[in-house]
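> Residue strings, one per chain:
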Amino acid sequence: MDFAEVEGQSMNLKRTGTAHLVFMVFGGLVLLFIIAPLAGMFLNLSPARLLNTAREPEVSGSIWLTLATSMGATVIFAVLSIPFAYILARREFPFKQLVNGIVDLPIVIPHSAAGIALLGVISPDSLVGSAAERIGIHFMGGAAGIMVAMAFVSVPFLVNAARDGFAAVPLQLEKAALNLGASPLRVFLTISVPVAWRSILSGLVLMWARGMSEFGAVIVIAYHPMITPVLLYERFGAFGLKYAKPVSALFIAICLVFFFVLRVVAGRKQDAQG
Amino acid sequence: MLRVEGLGKRLGDFVMDDVSFEVSEGEYFVLLGASGTGKTVLLETLTGMLEADSGRILLGGRDITKERIQRRGLGLVFQNQALFPHMTAGKNVAYGLAGRGMDKRQVELRVLELSEEMEISGLLGRMPPTLSGGEAQRVALARALATGPECLLLDEPLSSLDTGARSRMRALLRKLNRKNMTVIHVTHDYEEAISLGTRIGIMEGGRIAQVDTPEKIFMHPRSEFVARFVGIRNFFRGGIRRNAGTGQVFFESAPMTFSVTTDLDSGPGTAVIRSEDVIVSTLPPQTSARNVFECTIRDICRTRLGTEIVMDAGQELAALVTPDSVESLGLVIGGRVYASIKATAIKVLEE
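From first to last, the protein sequence lines are chains G and Y. Everything in the first sequence is counted per the numbering used here, starting at 75 for the first residue and increasing by one. Everything in the second sequence is counted per the numbering used here, starting at 16 for the first residue and increasing by one.
It should be emphasised that the hints constitute simulated quantities derived from the structure, not laboratory data. A few of these clues could be false.
With a straight-line cut-off of 25 Å between C-alpha atoms, the simulated SDA-like cross-links for lysine to any residue are [as the list claims (entries may be wrong)]: (1) G/Lys-316 <-> G/Ile-108; (2) Y/Lys-119 <-> G/Thr-264; (3) Y/Lys-106 <-> G/Pro-258; (4) Y/Lys-106 <-> G/Phe-289; (5) Y/Lys-81 <-> G/Leu-245; (6) Y/Lys-106 <-> G/Trp-271; (7) Y/Lys-194 <-> Y/Met-234; (8) G/Lys-170 <-> Y/Leu-65; (9) Y/Lys-119 <-> G/Leu-259; (10) Y/Lys-106 <-> G/Pro-268; (11) Y/Lys-106 <-> G/Lys-316; (12) Y/Lys-81 <-> G/Ser-257; (13) Y/Lys-357 <-> Y/Met-196; (14) G/Lys-316 <-> G/Phe-289; (15) Y/Lys-81 <-> G/Leu-247; (16) Y/Lys-194 <-> Y/Leu-139; (17) Y/Lys-81 <-> G/Arg-260; (18) Y/Lys-119 <-> G/Phe-289; (19) Y/Lys-362 <-> Y/Thr-322; (20) Y/Lys-231 <-> Y/Lys-119; (21) Y/Lys-81 <-> G/Val-261; (22) G/Lys-170 <-> Y/Glu-66.
Chain G side only, calculated, beta carbon under 10 Å to chain Y, not exhaustive [what the hints assert, rightly or not]: (23) Ala-110; (24) Pro-111; (25) Ala-113; (26) Ala-241; (27) Pro-244; (28) Gln-246; (29) Leu-247; (30) Lys-249; (31) Ala-251; (32) Asn-253; (33) Leu-254; (34) Val-261; (35) Ile-265; (36) Val-269.
None of these values were measured; they are calculated from a predicted model. Where is the CB? At the ideal position from N, CA and C, for every residue including glycine.
Chain G with its partners taken away, still in its complex shape (with noise of 0.2 Å):
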């Protein structure tokens, strides 16, 4: 494309401004659509009044275990999915095409659905339950549990982001490693993982933030002990919006401090590629 046909491009742009103009204000009620009850929270909210909030004993308890649930999900089945991904994006085998779907269905389905079928799995006169139970480990009501729905419903986002990662990594690379005598663990660790790590970081802080953020499937296998979104649904069931707002504002707020720094991470992967 010669420079002229681009400038041509733009002022053709300009000409068409009517149906253009009417759909920038189209994109700028959507935009509002999504400002407006996130902004909303925080007016009317006194800082005083967040801190207070943040200081209840309830409330950061709760925001911590949400944190540290979430985290921990992350990492534990980060550990199985990473390998797991580079397999998809490396190897041809049959149904890789199912596979692929079936890493998708946590997606699609809903997430209370989700937590009951994961009932049947971890509930303690269940095979999996009870073998857990004998080591000390509880599902039910307890924080496994709660890590068990969060992963469920965000391991497809690690899973996708490591896997187009390492499909993105040029085969060359692991081959000129082998060539140099390199194992296939240590090319694994020392070649793909690197170079795809700014995918493999984007969809671990998008599998973190999305576990912070669930609700459905942790509602029906632990009501306690209580992370932040279940304390979110009980205030406000309980005490209503007055009570609710200040927590919401304050996790909202975590949240976007999570997102920010998933931005951040993917803008600083395109212009590595670019």
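Following the hints, complete the assembly by docking chain Y onto the known chain G.
Same frame as chain G, now just chain Y:
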């Protein structure tokens, strides 16, 4: 040292079939072929990145056909270098030294020694994306040499470099080879093949069409394909001589002396002339051509591209003319003619 016997590999529509050749220790073997003739497939099969369907690969008597990639002892330098982008040049060179029972100090020493040899001492702290093509290629070469391979495989090592970097890399490769490193060099460029190879294998459609010394390949191509592919019939080994006083440059290949244009310094070399560039006349020509030889016609043969006049000018010299001119000039075997060649039509390659 490296013996390949009846190697075959099918990849989709591409078939590499019955490839056999042998490379002895310290040899510089060039595989010459157009793109898509299977040169890279052959290299990848040798190194184990592709599994051979048939045939055997023997390295120093050891059958490595089924050996794992990491234990083959063949160092490969990729066409695009394939440097690890997240490691410094120095870490790249050291990569293959891990897990070989060397301590940190020994690894460091080896890296320094190699970087001196490959002229990359000042680059060790740099990240690969900041290196020029020639620098990256030298780092890739040092990295491949670090593991002490028995044989070095180079995939188009000069094709991505500019002229300056290319001649520097050529000099390095020659130096390596003189230190008895066995090299297999894959290229599509006949100039590279002549200038570096002690023997050349011509690849055509997944097979090896001919393996010979450069002289034999260029002067006695075994098939029409080889002749057409290399495109060079006139091939002279000799030396470049610069006349410091007049600035003239000569190429001497006794008993013939050519006036040539080249930037190369005095020293041994090869001159190649396309047969299309040799003009035949029955009378002494009055032209600007600097090189006129009186010769006897040895042979006249028709080829697909025209009629080839093979002449004796002290050495064999071939010209390609149209059948018309054979008739109008009355060229016959045994006849006396003049062959003229412009100095600029003679390509001089260093050795």
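> Against each hint, give a clear statement of whether it holds in the structure.
Going down the list of hints, with the structure as the test:
no.: 1; hint: G/Lys-316 <-> G/Ile-108; in the structure: holds, 21 Å
no.: 2; hint: Y/Lys-119 <-> G/Thr-264; in the structure: holds, 18 Å
no.: 3; hint: Y/Lys-106 <-> G/Pro-258; in the structure: holds, 19 Å
no.: 4; hint: Y/Lys-106 <-> G/Phe-289; in the structure: violated, 47 Å
no.: 5; hint: Y/Lys-81 <-> G/Leu-245; in the structure: holds, 21 Å
no.: 6; hint: Y/Lys-106 <-> G/Trp-271; in the structure: holds, 18 Å
no.: 7; hint: Y/Lys-194 <-> Y/Met-234; in the structure: violated, 29 Å
no.: 8; hint: G/Lys-170 <-> Y/Leu-65; in the structure: holds, 22 Å
no.: 9; hint: Y/Lys-119 <-> G/Leu-259; in the structure: holds, 22 Å
no.: 10; hint: Y/Lys-106 <-> G/Pro-268; in the structure: holds, 14 Å
no.: 11; hint: Y/Lys-106 <-> G/Lys-316; in the structure: violated, 59 Å
no.: 12; hint: Y/Lys-81 <-> G/Ser-257; in the structure: holds, 16 Å
no.: 13; hint: Y/Lys-357 <-> Y/Met-196; in the structure: violated, 39 Å
no.: 14; hint: G/Lys-316 <-> G/Phe-289; in the structure: holds, 20 Å
no.: 15; hint: Y/Lys-81 <-> G/Leu-247; in the structure: holds, 22 Å
no.: 16; hint: Y/Lys-194 <-> Y/Leu-139; in the structure: holds, 24 Å
no.: 17; hint: Y/Lys-81 <-> G/Arg-260; in the structure: holds, 21 Å
no.: 18; hint: Y/Lys-119 <-> G/Phe-289; in the structure: violated, 51 Å
no.: 19; hint: Y/Lys-362 <-> Y/Thr-322; in the structure: holds, 23 Å
no.: 20; hint: Y/Lys-231 <-> Y/Lys-119; in the structure: violated, 49 Å
no.: 21; hint: Y/Lys-81 <-> G/Val-261; in the structure: holds, 20 Å
no.: 22; hint: G/Lys-170 <-> Y/Glu-66; in the structure: holds, 23 Å
no.: 23; hint: Ala-110; in the structure: violated, 43 Å
no.: 24; hint: Pro-111; in the structure: violated, 42 Å
no.: 25; hint: Ala-113; in the structure: violated, 40 Å
no.: 26; hint: Ala-241; in the structure: violated, 16 Å
no.: 27; hint: Pro-244; in the structure: holds, 7 Å
no.: 28; hint: Gln-246; in the structure: holds, 4 Å
no.: 29; hint: Leu-247; in the structure: holds, 5 Å
no.: 30; hint: Lys-249; in the structure: holds, 5 Å
no.: 31; hint: Ala-251; in the structure: holds, 7 Å
no.: 32; hint: Asn-253; in the structure: holds, 5 Å
no.: 33; hint: Leu-254; in the structure: holds, 3 Å
no.: 34; hint: Val-261; in the structure: holds, 9 Å
no.: 35; hint: Ile-265; in the structure: holds, 6 Å
no.: 36; hint: Val-269; in the structure: holds, 6 Å
Of the numbered hints listed earlier, those contradicted by the structure are 4, 7, 11, 13, 18, 20, 23, 24, 25 and 26.
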